[in-house]
Each structure stands twice: as C-alpha cells, then as structure tokens.
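**Q** What follows is the residue order along each chain.
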Amino acid sequence: MKELNKTNRLTIVVVAIVLVFVTGILTLQKPDLKYSFTPAQSLEMLGDSSGYLTSGKALAIIAANDGKTVLIDVRNSIAFDRGHVKDARNIPVRELFSKQSLSFLKEVEKGQQTILLYGETPRQANGPWIMLRQLGFKNVAFINSTFGQISGIENDTIAKKTSLLNEVPLIDTAALKKLSASSSPSEKTVEKPVPVKKTVKPAKVEPASGGGC
Amino acid sequence: MNKRYLILALLSVAIGAGMLLMPENSRVKEINPDQLLNAIDDPSRFLSTDLITDRLVKKDPSLLLIDVRPAAQFKTFAIPGAVNIPLDSLLTESSIEMIGKKELDKVFCSNSDLMSDQAWILSKRSGFEPIFVLEGGVNKWFNDIVEAKEPAAFESSEMLALYQFRKAASQHFFGSPEVKSEVAVAPKKTTPVQKKPVEASTGGGC
Chain R
1108 MKELNKTNRL
1118 TIVVVAIVLV
1128 FVTGILTLQK
1138 PDLKYSFTPA
1148 QSLEMLGDSS
1158 GYLTSGKALA
1168 IIAANDGKTV
1178 LIDVRNSIAF
1188 DRGHVKDARN
1198 IPVRELFSKQ
1208 SLSFLKEVEK
1218 GQQTILLYGE
1228 TPRQANGPWI
1238 MLRQLGFKNV
1248 AFINSTFGQI
1258 SGIENDTIAK
1268 KTSLLNEVPL
1278 IDTAALKKLS
1288 ASSSPSEKTV
1298 EKPVPVKKTV
1308 KPAKVEPASG
1318 GGC
Chain A
95 MNKRYLILAL
105 LSVAIGAGML
115 LMPENSRVKE
125 INPDQLLNAI
135 DDPSRFLSTD
145 LITDRLVKKD
155 PSLLLIDVRP
165 AAQFKTFAIP
175 GAVNIPLDSL
185 LTESSIEMIG
195 KKELDKVFCS
205 NSDLMSDQAW
215 ILSKRSGFEP
225 IFVLEGGVNK
235 WFNDIVEAKE
245 PAAFESSEML
255 ALYQFRKAAS
265 QHFFGSPEVK
275 SEVAVAPKKT
285 TPVQKKPVEA
295 STGGGC
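So the protein lines, in turn, are chains R and A.
Note that this note's numbering has the first sequence beginning at 1108, numbered continuously upward.
Note that this note's numbering has the second sequence beginning at 95, numbered continuously upward.
Keep in mind that the hints were calculated from the coordinates and are not lab data.
Just so we're clear, the structure is a prediction, and the values are computed from it rather than from any experiment.
In this text, a Cβ means the ideal position worked out from N, Cα and C, and glycines have one as well.
No false leads were slipped in.
The calculated label-pair distances, taken between Cβ atoms and stated as ranges, are:
| no. | chain 1 | residue 1 | chain 2 | residue 2 | range |
| --- | --- | --- | --- | --- | --- |
| 1 | R | N1172 | A | Q258 | 51 to 61 Å |
| 2 | A | A165 | R | T1161 | 22 to 32 Å |
| 3 | A | F248 | R | S1258 | 26 to 36 Å |
| 4 | A | Q258 | R | E1214 | 49 to 59 Å |
| 5 | R | A1167 | A | A166 | 23 to 33 Å |
| 6 | R | A1186 | A | I109 | 47 to 57 Å |
| 7 | A | Q258 | R | A1281 | 21 to 31 Å |
Okay, chain R solo, but in the shape it has when bound (with noise of 0.2 Å):
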C-alpha cells in the first residue's frame, strides 16, 4: 500500500511538470506580432522611394479612384469625423495593430490593392508606415504632404510650412556665408561728401513803382 502511495505520487509530479511545460510552450508559441525584416532591412527599405508620395501623385491617385488604393487615416477619430478624404478609412495609430484593424490590412494586401497611409503631417503618417513595412506589408505607402494639402483645406497654417514638413535643406547660404564673413574686418567706404554750391539768388528789388509826386 505504502509503494503504491510513493509511485501515484511521483507520477502525479510528472503529470503536473510536463502539464506545466506543455502550457508554457502553448502560451509562447501564441500567434503574437513579429517584424519579417530586421532592422538592418528595414533601414534599406526606407530608401525605397516608392514608399514616399509627393501630394501631387496622391491627388491624383485619389481623383482616378481607379480601387487599388484603399486610402488609410491614421488621425484621431475627432479629426477624423470633423473632416477627411473620401472614401478614407479611419486608423488611428494606437489601433494599428489591433485584430480587427490587422485583418483587415491583410485582406486588402490580399487583394492586391495598396495601402495609402496620411495623417495631419507627413511625420504621422511615417511611423505607421515604418511599423506596416517592418510587419512584412510589401504594397504600403504614405503620402509626404499635410491633410490640408490633400483635403485642399485654404488657410491652412501648417501646409504654410509644409517646407519645414519635407526632408528638402532650407539653409539660406547667402545668411551663412554673411555669417562666416563677418569675423573679417569689413572695409569700410566712406564716400566724400560733394560739396555743394550754394545758390543764392539775390532778391532783385524791383523798382517801387508809383510813387513820387
């Protein structure tokens, strides 16, 4: 009796450690979000220009309407709801990666279609459009404009500074090289004054006239 005791009880901890193991390795092998590209192909991949839309190409894209972009706004739903492109569909950053927003960025992958990210600047829209490729989407791009550019928003103060949005070198090097100059002693003219004739006309007395007895 006391034997039987001793061997139910070193199965029941076998028993109890391969459950805990088959567990463990249930649990990490749990389909979970994993990058297709280590970072040194991703940071190739941002070298593909294709990537990149100026606002001119998205306009146009937009206008042809022609279903193989499916247009993605990775602004808040306030903003979202205040305004958007037509036909745009709303993904907030945060819930890039959420089941629901996933599926169906894979099926549109599926499909054949490209997805074209924008957001309020081109910077939003970048890091989505970094963390898709990274996810292993080949068709995503985003366009390298504001919302205000696209949406053809007037007034809008931040496309006023669009240039300051856009990796193009604003460095003034006239300024620049005003700048460098100015540790030399400028060479100061100073032009003689003329001087000047004074024109004095005397005052011609006229004759009183009349006068006189």
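Since the structure of chain R is already known, use the hints to place chain A on it.
**A** The following block gives chain A in isolation, referenced to the frame of chain R:
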C-alpha cells in the same frame, strides 16, 4: 519504478537544455511591435530647437546631437556640435557604439524631422535609450536661431526674452553679427535759400 526515475531524469535534462536555449532569445533587447507602436504615438520624444540650443550653448556633456543627413549636406551646414551618422550607416558597428552609450541623451536631427524620426524608430526598436528627435530639424533650427526674427512691439516680454536668447546663441556659435558698414551719409541737400523778393510797395504817394 526505475523507468519512472529515468523519465524524470530525462525530463530534467530536457528542461536544462531548454533553459540553455531560452536566454538566447531574450538576449535580443529588441522591443516588440506593439510597444514600438505605442512609443511612436507618444510625442514626448520631440525636443524643441530652443531646448537643444540651450544645452548646446551650455556645452552639456550628456547631449549627443546626431545628424542623420548625407555627409555632403552635413558639410554644407550643420548645427555646431553635431555628429554626422548618415541614415544608411545608422546600424554599422561604429554607429551602434555611439548610439548605444547609455549615459548620453541622443538627439537625432535631419533637415526636417522625418528622416530623424525614422532613425529614432529603428533605434528604439533595437532597444537604445535614451533617444530623442529634434523637432523641425536643422531647417527649423536655422530659421529660429540663426535667422531669429525680432518680435513685434505688441508681443509679450517673454517673446522678447526668447528672441534675445536666440540672438545671443547665434552670436555664440557664429560670432558677432555683421557690423553694418557705415554707409556714408548722403550730404544733405541744402536747399538754396531764396529770398522772397521784396514786393514792391504798390502805390504810395501822398
């Protein structure tokens, strides 16, 4: 009986082998996509041009400003004190050595803040900390500091103080602003004095 012990022994060996393999995976400091996405949505990584300028002027030793533009652009103009690591060589060994310094605040900058943000995202993914992005980039820095505009008279004294700070910082980096060459003052035109002709007194007589 013996068989069971054998199974237990084998199991423990298997666990040991598993343990050996486990740290290999966790040694990669890489943060997962969910965490990275949350980090991207957080704008606190963007530092203003004035803040960076202040730290540059004070020669803050814990600041490392990394310019990710191509070398040619870096040569033409760069923020004084910046180090050039072009974006395409961000993950080379020598660059990683620099970005991996834990005691330094690494601040990425490019012309705007698009490329620098890309550098930030990839560095963040690789687990480098603490890292930041210069908001607006070199363009905004040049616009704000070098070409600081004097605030209008109706603007607050804070704006004036900010302007004076920017101007002083610009002078600190590039020397005193150009002394306006004294333009010879054009000689004043002396208007010829014309004496009014004394009007002849008309009439008179007795």
